[in-house]
Amino acid sequence: MRVTHPFHPWHGRSYEFVVRRKNWGEDRVYFRDEAGEVVSLPTAWTDAGGEDPFVVLAAGRSPFRTGDLLALAELIDQLDGRSGSAKEIAP
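Here the sequence shown is numbered in this note's numbering, starting from 1 and rising by one per residue.
Worth double-checking, as some hints may not be accurate.
Cross-link-like lysine to aspartate or glutamate pairs, in silico, DMTMM-like; alpha carbons within 20 angstroms at most [what the hints assert, rightly or not]:
hint, residue 1, residue 2
1, Lys22, Asp52
2, Lys22, Glu51
3, Lys22, Asp47
Here are the simulated distance ranges between beta carbons [claimed, not checked]:
hint, residue 1, residue 2, range
4, Val19, Asp77, 11 to 21 angstroms
5, His11, Glu37, 14 to 24 angstroms
6, Pro6, Glu37, 22 to 32 angstroms
Keep in mind that the hints were calculated from the coordinates and are not lab data. No residue lacks a Cβ here, since even glycine has one placed at the ideal position from N, Cα and C.
Work the whole structure out from these sequences, hints included.
Written as structure tokens, this is what we have:
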């Protein structure tokens, strides 16, 4: 199993695959690191789940996926205090 996420510090390294399973609703792969410890990463960050269809179709033209950008925008809104159930009340 190889880490394929471009910004992960283990990018390009290969590890001994142990198992792939859903954990708390997330698809993850478990593998042995250099010390022999079992660790996990999201399957999408490895070659264990095949290539991301968006990445294949984009053919390098977009460094970001739409879903990731929308999640980032929501996180920024939350950190800015712009989202949530509280709304400004007009007098």
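Each hint, compared with the structure:
1. For a cut-off of 20 angstroms, the pair hint linking Lys22 to Asp52 stands: about 17 angstroms separates their Cα positions.
2. For a cut-off of 20 angstroms, the pair hint linking Lys22 to Glu51 stands: about 18 angstroms separates their Cα positions.
3. Pair hint Lys22 plus Asp47 holds up; C-alpha atoms about 16 angstroms apart against a cutoff of 20 angstroms.
4. At roughly 37 angstroms, the beta-carbon separation of Val19 and Asp77 lies outside the given 11 to 21 angstroms, and the hint is violated.
5. Roughly 19 angstroms separates the CB atoms of His11 and Glu37, a value that falls within the hinted 14 to 24 angstroms.
6. Evaluation of the 22 to 32 angstroms hint for Pro6 and Glu37 yields a pass: the beta carbon distance comes to about 24 angstroms.
In terms of the numbered hints stated before, the structure departs from hint 4 and from no other.
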